[in-house]
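Line by line, the protein sequences give chains A and B. The letter at position 710 of the first sequence is residue 710 when you use UniProt numbering, and the numbering goes up by one with no holes. The letter at position 528 of the second sequence is residue 528 when you use UniProt numbering, and the numbering goes up by one with no holes.
If you are wondering where the hints come from, they were derived from the structure by calculation, not from laboratory data. Check the hints yourself; a few may be wrong.
Stated by the list, open to error - Once the Cα atoms are required to be at most 27 Å apart in a straight line, the calculated BS3-like pairs of lysine-lysine come out as:
hint: 1; chain 1: A; residue 1: 407; chain 2: B; residue 2: 525
hint: 2; chain 1: A; residue 1: 185; chain 2: A; residue 2: 101
hint: 3; chain 1: A; residue 1: 262; chain 2: B; residue 2: 392
hint: 4; chain 1: A; residue 1: 598; chain 2: B; residue 2: 525
hint: 5; chain 1: A; residue 1: 436; chain 2: A; residue 2: 598
hint: 6; chain 1: B; residue 1: 380; chain 2: A; residue 2: 123
hint: 7; chain 1: B; residue 1: 612; chain 2: A; residue 2: 124
hint: 8; chain 1: A; residue 1: 101; chain 2: B; residue 2: 525
hint: 9; chain 1: A; residue 1: 598; chain 2: A; residue 2: 626
hint: 10; chain 1: A; residue 1: 448; chain 2: A; residue 2: 598
hint: 11; chain 1: A; residue 1: 124; chain 2: B; residue 2: 525
hint: 12; chain 1: A; residue 1: 124; chain 2: A; residue 2: 436
Said to hold, decoys possible - Which bits of chain A does chain B cover? Going by a derived footprint, with three or more residues having C-beta under 8 Å, they are:
hint: 13; segment: 51 to 65
hint: 14; segment: 306 to 315
hint: 15; segment: 377 to 391
hint: 16; segment: 416 to 425
hint: 17; segment: 438 to 452
hint: 18; segment: 529 to 542
hint: 19; segment: 630 to 638
To be verified - So, partial list: chain A residues that the calculated Cβ filter (under 8 Å) puts toward chain B:
hint: 20; residue: 149
hint: 21; residue: 243
hint: 22; residue: 245
hint: 23; residue: 410
hint: 24; residue: 655
hint: 25; residue: 659
hint: 26; residue: 716
hint: 27; residue: 718
hint: 28; residue: 721
hint: 29; residue: 747
Just so you know, even glycine gets a beta-carbon here, dropped at the ideal spot from N, CA and C.
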Amino acid sequence: MKAKTHHPLFDEHEVLHELKHFLPAQAPLKDFIHHNTLHAFQHQNFYQALRNASAFFGYKVTLTLDEYRERYRQNRISEEVLERVIAERKGKEEVGVWKRKALTGNYDPTISGRIGLLRDNWKKQYRIDLDLLVHPLFFRVVCSYLDQGISIWGFPVAHKGFLSSIREMERNTFASFFKAERAKKLLFNENCQISDLLKLLIGDESLYKQYLYDLQFAHQGWSGIVSVLEDQPQLLLDRKKISLRELIIFELLLEIDALDDKYQGNWAPLASRLETPPTPIFAKVPYTEFHEVIEIWQEAFEWSFYDQVLAGMKQGTSPTNVPASKTFQAMFCMDDRECSIRRYVEQHDPHCQTFGTPGFFGVEFYYKPKHANSITKQCPAPVTPTYLIKELTNEKEKRERDLHFTKYSHTLLRGWLISQTLGFWSALRLALTIFKPSLSPATSSSFKHMDEFSELTIENTNPDEKENGLQIGFTIEEMATRVENLLRSIGLVEQFAPLVYAVGHGSTSVNNTHYAGYDCGACSGRPGSVNARVISYMANHPKVRLLLRERGIDIPETTQFLGALHDTTRDEIAFYDTTSLSATNAALHQQNEANFNKALDFNAKERSRRFESIDSHLPVEKVHEKIRRRSVSLFEPRPELNHATNALCIVGRRDISKHLFLDRRSFMNSFDYRVDPEGNYLTTILNAVAPVAGGINLEYYFSRVDNQKLGAGTKLAHNVMGLFGVANGIDGDLRPGLPSQMIEVHDPVRLMVIVEHFPSVVLRSIQKSAATYEWFMNQWIHLIVVEPTTQAFYLFKNGEFVEYHPIKQAIEVVQNVPSLVEAHEENLPIYLLQ
Amino acid sequence: MTSILHFFILIPLLGFLVSLLLPPKNEVVISRSAIFTVGLQLLTAVVFCAYWLFQHTPTIEVKDFSLFSSPGYEFFITFYFDGITAVYLLVGAFLSFLVTIYSRAYLHREAGYKRFFNTILFFYLGYNVVIFSGNFETLFVGWEILGISSFLLIAFYRDRYLPVKNAIKVFSVYRIGDLGLILAMWASHHLWHENITFLKLSNHELVHEHLQNHSWVGIFISLMILLAAAAKSAQLPFSAWLPRAMEGPTPSSAIFYGSLSVHFGAFLLLRTFPFWEEQTSVRILIALLGIITSAIATPIARVQSSVKSQIAYASIAQIGLIFVEIAAGLEVIALIHFAGNAFLRTYQLLVSPSVVSYLIREQFYNYVPRQHTFEDSLPKKLEYTVYLLSLKEWNLDSFMNHIVWKPLRRVGRKLDFLTHNRLLMLFVPTFLLALIAYNFQDKLSAQSHVYFPILFASIGLLMVLKSYSERKSPQMSWLLLIMNHFWVALAISFNEHFTLEEVLFYLSGVVIAGAVGYACLRRLKLLEPKVDLNQFAGHVYEHPKLTLVFLLAAMGLMGFPITPTFIGEDLVFSHIHEDQIVLAFLCSIGFVFEGIAIVRIYGRVFLGPHTKHYHETAYRSS
């Protein structure tokens, strides 16, 4: 068999490249980061992408018609909005007809993907179930090869690359991966190409591509992780060399082997028995009336919500009276989970001012805790930092051990001893965890990420001081730039309060394989405590202040920055370096801390409305206690609801949203158009907002509408595979996406970004980066601009801004948030705050 | 004191029945009633055991009531209590109580919340029937409940392919274990000429006296008990089922397959220990089986890269050691080992999702690329061989496939020419002919009395195998299974003493369950364009009520203790003479595969991924 250099019909390189694009791109669990599940379709218009994705791969991409109609009956989709959506699409005169279609039309809702059709012919024509014969061993070999530390006896040949390792083992064993001889020979032939194997298996070159898609989408989870690890091997601590090509070759060999075994080598390629070739996967998808009806509903569903927001925004345009002297200022993460805590902080101290910004606070670095021998990234995933921050001291020994995770219990003799001794201890532990849940070594706790009193290497005095090519700490100049950028981007350039808090966030949970997705996304799925301390240190540095003053930001000597960490699951806060505060500030801080704690109690209460096991009517302290307990309960699959129900992102001054009850549904990035008239900082903000908030939003969207194929299904049955993924049972495919427990209360609506600036500036800002523009242009995200002088709304549509007038004239006022919270469990409308 | 034993059965029974009636949406009521049931049982158990200890641990037996009796045969229910029961009772009640509480919040909002607690309580009922059973018949009742409830728990996520497939697989292995139990019961009928109680079994002199002249029967019974025990406790060659049973919600996997269910093999051996105590060869065999299982399961556990399968194989290895301890007569050690292993594995499975954050953090601080294990010092070729074999689970899964399932399917396929109508045309007249022969049996030669039963039982078995391998019509598959019972009845009728009443008693359940099941399939056929057995169709999605009715009918037809057929089957065996081992085998294999074929129909027609794709359906591989 000779390697072919040129193929007119099948170009291996091109097909694999494209295939990788379509496969799930989820990183291993420890680096779980949200992204648009349908990223491969992002160059198309949102609805066209949905149609194609559904027809190609059989995904369910929206709610069902019945679900929309149900929402209409419940008034969650407003009649006026529905009518306007129809009128805009079909013309005013068509409203009646299309409304009838939407409300009572009969359509066949069957979802039939083209994926798998070709490969089904093995069953139809040959009566052989290749998946059944191949998958169990195939998955197991791949999982064992990639395993990060579950197995006690790891894959014996590890670092040669996947196929070479398989070859090496096959050569030196009395057993075999295969049943028949042919596959073995093919394996040893190192020149064997994918096309050679497909020739044996399929025979017709025009079908190769389709077959490979069918093959890989029969286990998109495993193929996806291999594809990710091929491109980013650094995502595994124990790096493994593997490529999708190797994976496919091994699988094709196993398929050939299964056929050889069943038919004693006496079988003809699939194409020879194929009567009519199936529809090609990527053939054009016809646009039907059903598609349009669904689009109308989705649009109406989304705008029924957005319209309230805009109407509410309009109602509160009278400038709020912010007193010139503020008690403190606090920067939170833009995360939607910080939306309500900011409201409570402001409520408990009307003289404070809060800001939102990505939770890494503009400082990008790797962090190396004391005693660790690995580093972890503390900034958004796409950024590759060149700095290292080390933890120099650590009072506490970090690692508490738990013998239950010890591998010894799985070996025979020690297992015998352990089961007779530790076994009885387990009984007690089990009873304790059920009746009195508490923090244990099994818990993933945000506060453990960094020791509270540790010393960090933030300042670099000698640029040559490097570790593994990373500069240790930042120079004064580098610090000043970062502080300046941060402050200008959020519009905090004057009127500094005596205390400015930088509050990172993290989460605490147990029995949660997706724990990384609960921490700060802007810190690569880690708690933001280190970043909060680092930025505060920088902003407090006298030399940095000097430089800043030269650049026009004058921070008074008396002002001090203070890092903190908010645990979003437990609603607790820790402040760092409080000993460095001046006496006056320490006293002020004491007051503020009390306010924070009060705000946290109420925030916990507001969150509790979603949890059936907590009675929200109880006194706030009790509710808070139950919330804390929840975070360490083994049996609690929903420690918090994470980003569920997210739908908005407000980029502007706090004034435009301060009067609204947003029900924790909004990302909030502070920005002052007056500080950035050119829109330079805005560009940076939107370049981050689109992939981060947009990615979170769309991952929730798709996991919600098709929790089986695009989400991970229920987490209750999940089994941890190799420490990098989860599957059902032991022979299952990996399940990327979000488990049902994370998305069940989520309303699948796209993100609406609301920017406060002039439309022309915003347009310029989003057009600076093609990648960012794609998100808005193809309507994966809605964009509204609030013109600061007229307060008029402009909607971005087909590349230009058109004025938008909210249908709703006024939204309701909520008199008493706590009692609202006590009475409702479902998603609430937008309210005006008293 | 004796009368209290009843409560240990009544509490779970009532709890189970009540749970069936609760409104499916009301999670609070459902979980509270389950917790109350199991909690009450735990409380009663603790108080009772304390009192029992105070009374210096007497062995208690309650001969309860007779379900059926005819001359020379009595089917009675007996309860029994001793140290073994006490340990299993306390461990079971404790773990079930905790896991029920655990599941209350864990299962919140899960579709099938009620179904989960129903099944848990059903399992718990079976558990208690088994541990309190005073004779094989009572034990078998519990054993059957465990089989069905295991099937339902593994297939809890009934709209996915793998859980349903694996549930059928596990059920099939359980049925093979049942085969052992049925034959052991049959042989012991003839050994003792009565339904022997475990109390009598612990009478050394009595056992010794009976076995003296029948040592082969003794060995046969012991081997059959071992078969049942090995299947239930996932010992060789059945081990591969245990990790595959981990398809349900984690707490159910933890309690059943991590701890309680899987230790029933050990229980059976402990319970019957006095019987085979004197049979040195059997004791050596049991110990060997345990040692070999441990030796094979340990390397398999060591190479597992998924956390649940690792725990499963580690547990199998420990149970192997428990078998050794039992064979060595170390009852107390075995019981301690059982309790410790059960607690440990339950807890390990419950915290298994935490392994990611725990080990990743551990590695973050203490990363060692690939840990050197002792296997690495083996010669390379040997190392790779053992690794590869362990990775492939020593081919145990395909071994069972090649030895048991495939050959039987092949036999069934030979009958592919049978269609629904041909079947009726061919076998109804044959059956009538055979009936005529039966009426004139006094005119037949003595020879025919030997061969006719075997012939008819073989025909019955063929029907079952055909049903098992049928791919097209579920109705036909079902009909074949009904017919099997008729052929068996006919076969046994040629043996003396099978009175008409007994025949009617036996077939009454078959006829009713058969008719109901057939009606369900017909109705489904009317409602759905395509109903076949070629793949899983998941019709439960649209027809949940029909599915439930069919499930009840299926249980009836397979001789589950809700119809007289259950006793009938036992009755049939009491009429098979001890020299008719072939007939006993044919009938028992027929019954066992009947159960498998029935579950297969149920699974393929009603469970699995739905054939209609207007809603979310999972990938087959997920």
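Residue 448/A paired with residue 598/A [C-alpha distance capped at 27 Å]: holds (23 Å)
- prompt: Does residue 525/B lie within 27 Å of residue 124/A when you go C-alpha to C-alpha?
  reply: Holds - the C-alpha atoms of residue 525/B and residue 124/A are around 22 Å apart, at most 27 Å.
- prompt: Given residue 721/A was flagged as interface, is its beta-carbon under 8 Å from a beta-carbon of chain B?
  reply: holds (5 Å)
field: Interface hint for residue 410/A, Cβ within 8 Å of any Cβ on chain B
entry: holds (4 Å)
message: Take the shortest C-beta to C-beta distance between residue 718/A and chain B; is it under 8 Å?
response: Check passed: Cβ of residue 718/A comes within 7 Å of chain B, closer than 8 Å.
- prompt: Quick one, are residue 124/A and residue 436/A close enough, alpha carbons at most 27 Å?
  reply: Violated, at roughly 56 Å.
message: So if I understand the rule, the pair passes when the alpha-carbon distance is 27 Å or less; does residue 407/A with residue 525/B pass?
response: Violated, at about 52 Å.
- request: Below or equal to 27 Å on CA atoms is what counts here, so check residue 185/A against residue 101/A.
  value: Given pair residue 185/A, residue 101/A is violated - Cα atoms ~61 Å apart, limit 27 Å.
query: Is the shortest C-beta separation between residue 245/A and chain B less than 8 Å?
result: This interface hint is violated because 21 Å lies over the 8 Å limit.
message: Is the coverage entry for the segment 51 to 65 of chain A by chain B consistent with the three-residue Cβ rule at 8 Å?
response: holds (count 3)
- request: Go through the hint on residue 747/A and say holds or violated, using the shortest Cβ distance to chain B against 8 Å.
  value: Since the shortest Cβ distance to chain B is 16 Å, the answer is violated.
query: For the segment 306 to 315 of chain A, do at least 3 residues have a Cβ located nearer than 8 Å to some Cβ of chain B?
result: Our answer is that it is violated, as 0 residues pass the Cβ test (under 8 Å) against chain B, missing three.
The structure shown violates the earlier hints numbered 1, 2, 4, 6, 8, 12, 14, 15, 18, 21, 22, 24, 25 and 29.
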